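**Student:** Sequence:
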Amino acid sequence: MPLLISTEIASAARIVGEERAVELVARAGFDAWDFSMFSMASFDWGRWCMIESDHPLVGAGCYDFARRLRRIGEENGIHCNQSHAPFPVSVPGIRDRLKRAIECTAIAGGKTCIIHPDNDKSPEENAEMYLELLPFAKEHGVKIATENMWNWNGDLDHATPAACSDEASFLAHIRAVHDPDFVACLDIGHAEMKGLNTTAEQMILALGDHLQALHLHDNDRWHDQHLRLFTADIDFGEMARALKAINYRGYLTLECDHGLDGCTPDTVGEGLAEMAATARRLRRMYDEA
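Heads up, the sequence shown is in our numbering, so the first residue is 15 and it goes up one at a time.
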């Protein structure tokens, strides 16, 4: 059976809202959608604080909102494959909403919730958070996936290590939790950033069966740009061969946050269709590897 293709909905939702985004993702030819939950805990990165919001994900209506998105997807022939919880988890107000994110994942039909580690904590320290959340996630039939992160050194002008940023740190996090429902989501773009001393290929081969989710996008192998696939410098041929070598059977999920830049409400559908074409191209590369 061919790998299924999916995409995050945050970039489309910024233009047309989540309900319309799910519908357009289906029309574009994707098999699934990734439930972006950043509006559940809006954050001002400049002032490093939470922002008040009246988004449906913020209040008690979040559960009905998740049901509505699931229904829209199913009516259009697609399903939710995974979600992305709000971050940074070092902020108490965001940490407090992670269980709500897990609940909404389950309600929407997703099977995996990506929850960032704290960039600056050790595998053992991050494991405390994940071990606290895992019993709750299991009750809801949801796996938790951690993700490879990065820090930035302005003087050096490149990324520096953070939690899970290379294969040794990622595997240490997996081992610290040691639970089959705690898995890896590899962000391909993060793995290729200058200064982290790894590549997506290396990370994939090291993670092996632990790798059960992806965030796919392109960059200049220096900055975290979240561009459309095949528009910058990442070698997706090497990546596809590595995925084939470990017999990866998860979704090919795009996280091209800037893939719809310049789109209007009238052209979002066209932009999503072009992105779906790149995901199918990557799938062919995997099949032929």
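In case anyone wonders, no lab produced these hints; they're calculated from the structure.
Fair warning: there could be bad hints in the mix.
[Unchecked claim] Below, computed lysine to any residue pairings styled on SDA-like, alpha-carbon distance capped at 20 angstroms: (1) Lys152 to Lys208; (2) Lys125 to Met15; (3) Lys113 to Val103; (4) Lys125 to Gln216; (5) Lys258 to Lys208; (6) Lys135 to Arg84; (7) Lys125 to Lys208; (8) Lys208 to Asn167; (9) Lys113 to Asn167; (10) Lys152 to Gln226; (11) Lys258 to Gln226; (12) Lys152 to Arg242; (13) Lys135 to Val72; (14) Lys135 to Ala190; (15) Lys125 to Arg61; (16) Lys113 to Gly60; (17) Lys113 to Ile86.
Only a predicted model underlies this, so the values are computations on that prediction, with no experimental measurement involved.
**Student:** Within 20 angstroms, alpha carbon to alpha carbon, are Lys135 and Arg84?
**Tutor:** Violated - the C-alpha atoms of Arg84 and Lys135 are around 35 angstroms apart, more than 20 angstroms.
**Student:** Does Ala190 lie within 20 angstroms of Lys135 when you go C-alpha to C-alpha?
**Tutor:** Given that 20 angstroms is the threshold and the Cα spacing comes to 13 angstroms, the pair holds.
**Student:** Hinted pair, alpha-carbon criterion (20 angstroms max): Lys152, Lys208. Please report holds or violated.
**Tutor:** Between Lys152 and Lys208 the Cα gap is close to 36 angstroms, so the pair fails against 20 angstroms, i.e. violated.
**Student:** Are the Cα atoms of Lys113 and Val103 separated by 20 angstroms or less?
**Tutor:** Holds, at roughly 12 angstroms.
**Student:** Can the restraint linking Lys125 and Lys208 be considered satisfied, given a maximum Cα separation of 20 angstroms?
**Tutor:** Not OK: Lys125 and Lys208 at ~32 angstroms, beyond 20 angstroms, violated.
**Student:** Against the 20 angstroms threshold, does the CA-CA distance of Lys125 and Gln216 hold or violate the hint?
**Tutor:** violated (26 angstroms)
**Student:** Check the hint pairing Lys258 with Gln226 against an upper bound of 20 angstroms on the C-alpha distance.
**Tutor:** It holds: about 13 angstroms lies between the C-alpha atoms, which stays within 20 angstroms.
**Student:** Holds or violated: Lys113 with Gly60, Cα cutoff 20 angstroms?
**Tutor:** Violated: Lys113 and Gly60 sit about 26 angstroms apart, past 20 angstroms.
**Student:** Do the alpha carbons of Lys125 and Arg61 lie within 20 angstroms of each other, as the hint requires?
**Tutor:** violated (34 angstroms)
**Student:** Would you mind confirming whether the straight-line C-alpha gap from Lys152 to Arg242 stays at or under 20 angstroms?
**Tutor:** violated (34 angstroms)
**Student:** Starting from Lys113, check that the Cα of Asn167 is at most 20 angstroms away, please.
**Tutor:** violated (32 angstroms)
**Student:** CA of Lys135 to CA of Val72, is that 20 angstroms or under?
**Tutor:** violated (27 angstroms)
Hint check: violations occur at hints 1, 4, 5, 6, 7, 9, 12, 13, 15, 16 and 17; the rest are consistent with the structure.
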